[in-house]
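Enquirer: The chain contents come next:
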Amino acid sequence: MATMTSGLAPKTWASRAWWSLSVACLVAVIGVLFAIFAFVIARGVPALKPQIFFTPTHGIAGGLSNAIEGTLMLVFLGLILVIVVGLGTAIWTVEFAPPWGKKVIRFMVDVLAGIPSIVVGYFLYVALVEEAGWGFSLVAGSLALAIFMLPYVVRAADVALTNVPRALKEGAVALGARPAMVVASINFPYALPGILTGVLVATGIGLGETAPLIYTAGWSNYAPTLAPTHSPVGYLTYVVWTYISQPFEESHQLAYAAAALLMIFVFLTNLLARSYVEYKLGGNRQQ
Amino acid sequence: MRKTLVLALAALLLASMGGRALAATDLLETGSTLLYPLMNLWVDAYQHGNPNVQITTQGTGSGTGISQAISGVAQIGASDAYMADAQMASSPMLNIPLAISAQQINYNVPGLNNVHLNLSGPVLAGIYMGEIQFWDDAKIKAINKEYGNKLPHTQIVPIHRAEGSGDTFIFTQYLTKSTPSWKAGPGFGTTISWPAVATAVGASGNPGMVQTCQNTPGSIAYIGVSFLNQTEKAGLGYAALQNQAGKFVLPTEPNIAAAAGATDKATPPDERISLIFAPGENSYPIINYEYAIVNPKQSDPAKAAELKKFLDWSLSEGQSSKFLGAVHFLPLPASIQKLSRAQIAKIQ
Amino acid sequence: MGLRIGDAVKAVSPATLQRTGAQAFLRVLTGVAALISFLIIFLMLFFLIYYAYPAIRFNGLNFLTNPIWNIGNQYGSGVTTRNGFSGPPGASFGALVFIFGSVVTAALTMVVAVPLSMMVALSLVYRVPRRIRPLANALVELMAGVPSVVYGLWGLVVLVPWIGQTFAPWVTAHFGFVPFFGGSAGSGNGLAAAVFILALMVIPIMVATTRDVILAQSNSLFEASMALGSTSWQAMVRAVLPSVRSGIVASILLSFGRALGETMAVLMVCGAAINTFPQNFFSPVNTIAAVIVSQLESALTDATGMAQRSLAELACVLFIITLLVNIVARGIMRGADRREGAHQ
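Residue numbers (the numbering used here), protein chains in the order written: chain A, 1 to 287; chain B, 1 to 348; chain C, 1 to 344.
Worth double-checking, as some hints may not be accurate.
[To be verified] Sample of chain C residues with no beta-carbon within 12 Å of chain B, all distances over it, derived:
# : residue
1 : P115
2 : P129
3 : P134
4 : L324
[To be verified] Just the calculated beta-carbon pair ranges, DEER-fashion:
#  : chain 1 : residue 1 : chain 2 : residue 2 : range
5  : A       : H230      : C       : Y53       : 29 to 35 Å
6  : A       : I41       : C       : S246      : 35 to 41 Å
7  : A       : S275      : C       : R330      : 34 to 40 Å
8  : B       : K183      : A       : V126      : 31 to 37 Å
9  : C       : S184      : B       : R341      : 53 to 59 Å
10 : C       : F177      : A       : A38       : 34 to 40 Å
11 : A       : G101      : C       : V128      : 35 to 41 Å
12 : C       : R330      : A       : L272      : 33 to 39 Å
13 : C       : N83       : B       : K309      : 45 to 51 Å
14 : B       : K309      : A       : I80       : 39 to 45 Å
15 : C       : Y53       : B       : P180      : 36 to 42 Å
[As the list claims (entries may be wrong)] Lysine to aspartate or glutamate pairs mimicking DMTMM-like chemistry, simulated, CA-CA at most 20 Å apart:
#  : chain 1 : residue 1 : chain 2 : residue 2
16 : A       : K49       : A       : E250
17 : B       : K308      : B       : D44
18 : B       : K322      : A       : E249
19 : B       : K303      : A       : E130
20 : B       : K322      : A       : E250
21 : B       : K338      : B       : D312
22 : B       : K322      : B       : D312
23 : B       : K297      : A       : E130
24 : B       : K309      : B       : D44
25 : A       : K103      : C       : D337
26 : B       : K338      : B       : E271
27 : B       : K303      : B       : D26
28 : B       : K177      : B       : E131
29 : A       : K102      : C       : D337
30 : B       : K233      : A       : E249
31 : B       : K233      : A       : E250
32 : B       : K309      : B       : D26
These aren't lab readings, by the way, just hints derived from the structure by calculation. Idealized CB from N, CA, C, for every residue including glycine.
Produce the entire structure from the sequences given, and follow the hints as far as they go.
Expert: Written out as structure tokens, the structure reads:
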């Protein structure tokens, strides 16, 4: 499908030049990424010892165990929330919504993407932490993440589901499949890579934001409890943001180590998820 | 393989949670990023002798500290600035000084970073208002007899804090108290309406100030004294400031202590006072109390008791140079300690 | 692409099949999800406007035209009163500098990022060998996973000095005649740095979506175009890309939103201009999102609460900007679709 059928058309000089430029852009962009990663690793290396996984933050440095656990819990819960609501929203928009419904949802979602993370965080702070009296909590933090990730998941799923070729859908219906079955067996697997992209991009963005979590999850120097409310949770971006502004070398090293861990975590998740999807769907998709 | 991985992860999670004491009291401290490193050092040491209380510290900012202490979300709000009258009227809180901090004026003037230039309030005000634009301006030369002729014709880049900060508060208080035109103009606050200067730049956080100053030849910045090591490493110079007596003094411990000593008798019982531009020959003009903003009426008596214990500890063992020295803060004079303890006793 | 399952079912099967349990259940379930999404966004916007109302009355239209942002004297006595609402003495909230900064920064970011993203996406689809494709894809998506604070830090320590000491002097020296590039080279903290960093942050969003929609396309358009004699590049740009236009535009709008709403990274490199407009591409600038973050601290100490409400008003202005851009973009798209329809 995405193959070049060479020999059919002349590859002019201009065409070749453009393609070379496109590769140059790719290399430049990935080059910058490597530069940033090297920057982070170089400064975080002194703190990247095995014990940071087992000691919590204490004093001016320490380890990252509380932050790692907190991040994992917050992201896990946030992802559940955003996938359920976001995917459901996208399916409704593509399959069941009347034209005005489609417009409204797409519009609202695009607007949500433009709301600064701090507004989301502060809104939830006032609503949940103060008014509802939940205090800094796991629930508030996961909600903040879920809301922030929502537009990316919804839009990606929307676009992916919309792009399922009409022929496939018509074929299934002609064979007598009911709408629900069509959605489940045709739309979904075909759109899955696109949806996965949306989820991965959303996760990356959600993991990298500090502002929404500072006002909802707060911060904790201790391991997170499973209590949904009244118990603040630590997370890695807090370490990066706050320990950088301390006047001690050890704090800076810990901050960069946290940043490095975050990047590695996102990268591994992306790589594993993508490889798994390609392996599972390798037969169905024309690559 | 996957199953064992999941089980291992779950076991790790449960094991770490088990380590958490079951009947612990939780305290939350949030606020000033200047006080944050000291709080971390204190809490770490305090926990060793008091494992039944778990204190979480956050460095969020003075404003957040005050507002969360008022709303009860946090027990201790750390702030570099005392609360304003208007705010005290609507939410009476205890402003308890815990230590004394200072601020230096750093600059990056090629060739002169290893010496101490003299700067005064009016000159600084002129720089930040855009009236003094080059380092070899006559007004700067006038107060620098020793290095005057070495000042280069470089454009001055005044750097200010982008976000609201206690550093801005004490710096602008210095300008207000020493320069009438600044008092009538921008005034002081954790954030002010900085005069429009073409070259002015805002930096985020004290490390941002250090980095930007380092990046920009000709720049000048106000940076908290706890960052003295960073500024030295970055190769920035710091100034001798003109105090109320007209002398130019450096931010050394004796000079800071002199300023603290000069004002401690004037400190009222509620301890809301500015230490800026203190009288005295050797007083360094930019010093301040680091406050813990605490609600005298706590919602939880157990937390209130632990809170008082911790605050008392910070005023006794916490004042040792083991902690304060790392951040270049000074301990409170004895009379101020007494006032602070009196305020702590009011917590219920 | 406009065919809905519901229509096909009605056309092909007897009416009884429409009310099957599975379909109804799915419809309700997903409908609830959509309702939740809608409610969350609506509630946030509603409370934002409700909270900002006193500030809207206090500041009036002046808010949009005044370049001076003055939070007033928190430590003074008395209050300023306008239109029945009071704020701190001497307060005058004017957002013009930030509105200008947000729009210019986001617009320039898209100007830089959109072509780059298209190029990167095309190379990922057609030029990267199959075996390392998952790796290349994961790397580009990793860019979305870099914490915004890290972008800000790298920007401050590496990018800003480079712009201030190497890039800007070079540009102002050689391209000074171009209106926006001449003048002072600045310190590195400024519009250029913010645009660069924001571009890095939005590129992965557009690349990932563009790549996915191209891959979901069949090859027939591409092959047909080539058979008609175009080069592979022309076939790609003239035939395939337009057919996936709606997906690409969706990602562009999303990216524009992100560029408008990014706070931390921008705050650290933009130079935080207060009360001044950028003179050229390298001057300090400020955006609404960055201002909300940086001013929130001080606003919390305002006993009248007007400072906080003015920040909420700023957020409302940002929301309106996003709204307008979306409306305009959709209008352009509809116009383009209509033109294409006429030709078919």
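Enquirer: Take the hints in turn and mark each one as holding or not.
Expert: Here is what the structure says about each hint:
Every Cβ of chain B is farther than 12 Å from the Cβ of P115 of chain C; the closest lies at roughly 30 Å, confirming the non-interface assignment. No beta-carbon of chain B is positioned within 12 Å of the beta-carbon of P129 of chain C; the least distance is around 29 Å. In this structure P134 of chain C is separated from chain B by more than 12 Å, as the shortest Cβ-Cβ distance comes to about 19 Å. Distance check on L324 of chain C: its Cβ is at least 27 Å (rounded) from any Cβ of chain B, clearing the 12 Å threshold; non-interface status holds.
Our hint of 29 to 35 Å for H230 of chain A and Y53 of chain C holds, since their Cβ atoms are close to 32 Å apart. Here the CB-CB span from I41 of chain A to S246 of chain C is close to 40 Å, well matched to the stated 35 to 41 Å. A hinted range of 34 to 40 Å holds for the C-beta pair S275 of chain A and R330 of chain C, which are about 37 Å apart. Separation of K183 of chain B from V126 of chain A is about 36 Å and conforms to the stated range, judged on CB atoms against 31 to 37 Å.
Separation of S184 of chain C from R341 of chain B is about 55 Å and conforms to the stated range, judged on CB atoms against 53 to 59 Å. Distance hint check: the CB atoms of F177 of chain C and A38 of chain A are about 37 Å apart, consistent with the given range 34 to 40 Å. Restraint check, G101 of chain A to V128 of chain C: a C-beta distance of roughly 39 Å satisfies the suggested window 35 to 41 Å. The supplied range of 33 to 39 Å is met by R330 of chain C and L272 of chain A, whose beta-carbon atoms lie about 37 Å from each other.
Judged by the Cβ atoms, the range 45 to 51 Å given for N83 of chain C and K309 of chain B holds: they are separated by roughly 50 Å. Evaluation of the 39 to 45 Å hint for K309 of chain B and I80 of chain A yields a pass: the beta carbon distance comes to about 41 Å. Checked against the given bound of 36 to 42 Å, the beta carbons of Y53 of chain C and P180 of chain B, roughly 39 Å apart, stay inside it. Note on K49 of chain A and E250 of chain A: the hinted pairing holds, with a Cα-Cα distance of about 13 Å set against a maximum of 20 Å.
Pair hint K308 of chain B plus D44 of chain B holds up; C-alpha atoms about 17 Å apart against a cutoff of 20 Å. Between K322 of chain B and E249 of chain A, the direct Cα distance comes to roughly 17 Å. Compliance with the 20 Å bound is thereby established for this hinted pair. For the proposed pair K303 of chain B and E130 of chain A, the alpha carbon gap of about 19 Å is at most 20 Å, so the pair holds. Only pairs whose Cα atoms come within 20 Å are accepted, and K322 of chain B paired with E250 of chain A is accepted, the gap being roughly 17 Å.
For the hint pairing K338 of chain B with D312 of chain B, the CA-to-CA distance comes to about 11 Å; that is within 20 Å, so the pair holds. Between K322 of chain B and D312 of chain B, the direct Cα distance comes to roughly 17 Å. Compliance with the 20 Å bound is thereby established for this hinted pair. Of the supplied pair hints, the one linking K297 of chain B and E130 of chain A holds, its CA atoms being roughly 18 Å apart against a limit of 20 Å. A C-alpha spacing of about 15 Å is found between K309 of chain B and D44 of chain B, which places the hinted pair at or below 20 Å, so the restraint holds.
Taken as a hint, the K103 of chain A and D337 of chain C pair is honoured in the structure, with Cα atoms around 16 Å apart against an allowance of 20 Å. For the hint linking K338 of chain B to E271 of chain B, the alpha-carbon distance of about 11 Å falls within 20 Å, and the restraint holds. Straight-line distance between C-alpha atoms of K303 of chain B and D26 of chain B comes to about 7 Å, which keeps the hinted pair within the 20 Å bound. The suggested pairing of K177 of chain B with E131 of chain B holds, with an alpha-carbon distance near 19 Å, which does not exceed 20 Å.
As the CA atoms of K102 of chain A and D337 of chain C are separated by approximately 17 Å, the hinted pair is consistent with the 20 Å bound. For the hint pairing K233 of chain B with E249 of chain A, the CA-to-CA distance comes to about 11 Å; that is within 20 Å, so the pair holds. This hinted pair checks out: K233 of chain B and E250 of chain A have alpha carbons roughly 15 Å apart, not beyond 20 Å. For the proposed pair K309 of chain B and D26 of chain B, the alpha carbon gap of about 13 Å is at most 20 Å, so the pair holds.
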